[in-house]
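Line by line, the protein sequences are chains D and Y.
Quick note on full-length UniProt numbering: the first sequence kicks off at 1 and runs consecutively.
Quick note on full-length UniProt numbering: the second sequence kicks off at 1 and runs consecutively.
I should point out that these hints are in silico values taken from the structure, not numbers from a laboratory.
Accuracy of the hints is not assured; some may be wrong.
Unchecked claim - Derived pair list, reagent style DSBU-like, types lysine-lysine, alpha-carbon separation capped at 35 Å:
1. Y:Lys68 - Y:Lys172
2. Y:Lys151 - Y:Lys68
3. Y:Lys172 - Y:Lys151
4. D:Lys68 - D:Lys151
5. D:Lys86 - Y:Lys68
6. Y:Lys172 - D:Lys68
7. Y:Lys8 - Y:Lys86
8. Y:Lys48 - Y:Lys86
9. Y:Lys8 - D:Lys8
10. D:Lys78 - D:Lys48
11. D:Lys68 - Y:Lys8
12. D:Lys68 - D:Lys8
13. D:Lys8 - Y:Lys86
14. D:Lys8 - D:Lys172
15. D:Lys172 - D:Lys48
16. D:Lys8 - Y:Lys68
17. Y:Lys151 - Y:Lys86
18. D:Lys68 - Y:Lys151
19. Y:Lys175 - Y:Lys48
20. D:Lys68 - D:Lys78
21. Y:Lys8 - D:Lys86
22. D:Lys175 - D:Lys48
23. Y:Lys172 - Y:Lys86
24. Y:Lys151 - Y:Lys175
25. D:Lys8 - D:Lys48
26. Y:Lys151 - Y:Lys48
27. D:Lys48 - Y:Lys48
Listed below are the residues making up each chain.
Protein chains: 2
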Amino acid sequence: MPPLTGPKSGDALFASVERVNAELFTLTYGAIVRQLLTDLEEVEEVNKQLDQMGYNIGTRLVDEFLAKSNVSRCVDFKETADVIAKLGFKMFLGVTATVTNWDAEGTSCSFVLEDNPLVDFVELPDTCQGLQYCNVLSGVIRGALEMVSMKTEVTWVRDMLRGDDAYEMRVKLTKQVPEEYPYKDDD
Amino acid sequence: MPPLTGPKSGDALFASVERVNAELFTLTYGAIVRQLLTDLEEVEEVNKQLDQMGYNIGTRLVDEFLAKSNVSRCVDFKETADVIAKLGFKMFLGVTATVTNWDAEGTSCSFVLEDNPLVDFVELPDTCQGLQYCNVLSGVIRGALEMVSMKTEVTWVRDMLRGDDAYEMRVKLTKQVPEEYPYKDDD
Chain D
1 MPPLTGPKSG DALFASVERV NAELFTLTYG AIVRQLLTDL EEVEEVNKQL DQMGYNIGTR
61 LVDEFLAKSN VSRCVDFKET ADVIAKLGFK MFLGVTATVT NWDAEGTSCS FVLEDNPLVD
121 FVELPDTCQG LQYCNVLSGV IRGALEMVSM KTEVTWVRDM LRGDDAYEMR VKLTKQVPEE
181 YPYKDDD
Chain Y
1 MPPLTGPKSG DALFASVERV NAELFTLTYG AIVRQLLTDL EEVEEVNKQL DQMGYNIGTR
61 LVDEFLAKSN VSRCVDFKET ADVIAKLGFK MFLGVTATVT NWDAEGTSCS FVLEDNPLVD
121 FVELPDTCQG LQYCNVLSGV IRGALEMVSM KTEVTWVRDM LRGDDAYEMR VKLTKQVPEE
181 YPYKDDD
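Build out the structure end to end from the sequences listed, making use of the hints.
Right under this line is the structure:
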């Protein structure tokens, strides 16, 4: 049996992983969005592609997260949301999110980001007003949660690129199948 | 006049910039390559797009590099190459390169990378054997150097994804116009 240790702090977790320059990441992501806007005719199609790209990335990142964070099974969706906000965002983007706006059932909440490395230096031209620039992030959350057996719908309700005062991502748990966790507590 | 300080060390420089998780970057870059392979018919076209994308990124990154590194004007191409290898790669990717294989004129050299965060977990399928997966990096070098008035040709001569024992990028200076530097020593 491994030693019983609790989850790492977000700061310790972020310090423990390999990192690259955030501006390089931001510009690289911007290059994807520009490429998709050039290749696909409809902004709505670009939104879908970014979400799907994020989903694929999320299904991979969850493994690194579970391997490095020392987080074991979360008791419920509320704890899961808190782990994502405080540890998941920190481990991958270097920032934390606030969890808020829970519904009465405890199955819907919002992640609010004040600082979002994805959008540094970004301004949307008028022709892209329907663009959900950060859809890769909502896709990552959806993909990662699906790998731990939580089906979710994730949508953006506030977006600073569209003039809102923060980034707010709404996460709604639609189905949970706890027995299909891809990892065991005693791994 | 600003205080006269020398360039920062690569480690200090890397520690001074905002960073994100390297795996997130690697997977995001992989998603671009996959998208381009899907959208464009010819691998050669994908290579060109990656290079152009890197060029655009390089023309932006050079500003952050000059602003943060305390590097002032390099006396010649040899010093420039050394700064890129020891400080530039470190600042953006967290790794350093070795400068080697200089020609007699001092206008061509190689950057050799033993560790390349761009390619972690990457394997090329047989259908992509002509793909220059890391062309974004050679494009970044070309774009960044052009902003400090050095026109270059940058090509890959060794690639571990193709079975070589390292990544080796050949940089050939084709034209230098020192008086057009976009920054002044006393900025």
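Hint check:
| no. | hint | verdict |
| --- | --- | --- |
| 1 | Y:Lys68 - Y:Lys172 | 26 Å, holds |
| 2 | Y:Lys151 - Y:Lys68 | 23 Å, holds |
| 3 | Y:Lys172 - Y:Lys151 | 9 Å, holds |
| 4 | D:Lys68 - D:Lys151 | 23 Å, holds |
| 5 | D:Lys86 - Y:Lys68 | 29 Å, holds |
| 6 | Y:Lys172 - D:Lys68 | 42 Å, violated |
| 7 | Y:Lys8 - Y:Lys86 | 11 Å, holds |
| 8 | Y:Lys48 - Y:Lys86 | 27 Å, holds |
| 9 | Y:Lys8 - D:Lys8 | 31 Å, holds |
| 10 | D:Lys78 - D:Lys48 | 27 Å, holds |
| 11 | D:Lys68 - Y:Lys8 | 31 Å, holds |
| 12 | D:Lys68 - D:Lys8 | 8 Å, holds |
| 13 | D:Lys8 - Y:Lys86 | 32 Å, holds |
| 14 | D:Lys8 - D:Lys172 | 26 Å, holds |
| 15 | D:Lys172 - D:Lys48 | 18 Å, holds |
| 16 | D:Lys8 - Y:Lys68 | 31 Å, holds |
| 17 | Y:Lys151 - Y:Lys86 | 21 Å, holds |
| 18 | D:Lys68 - Y:Lys151 | 44 Å, violated |
| 19 | Y:Lys175 - Y:Lys48 | 22 Å, holds |
| 20 | D:Lys68 - D:Lys78 | 21 Å, holds |
| 21 | Y:Lys8 - D:Lys86 | 32 Å, holds |
| 22 | D:Lys175 - D:Lys48 | 22 Å, holds |
| 23 | Y:Lys172 - Y:Lys86 | 18 Å, holds |
| 24 | Y:Lys151 - Y:Lys175 | 5 Å, holds |
| 25 | D:Lys8 - D:Lys48 | 34 Å, holds |
| 26 | Y:Lys151 - Y:Lys48 | 17 Å, holds |
| 27 | D:Lys48 - Y:Lys48 | 25 Å, holds |
Violated hints, listed in ascending order, are 6 and 18; each of the other numbered hints is respected by the structure.
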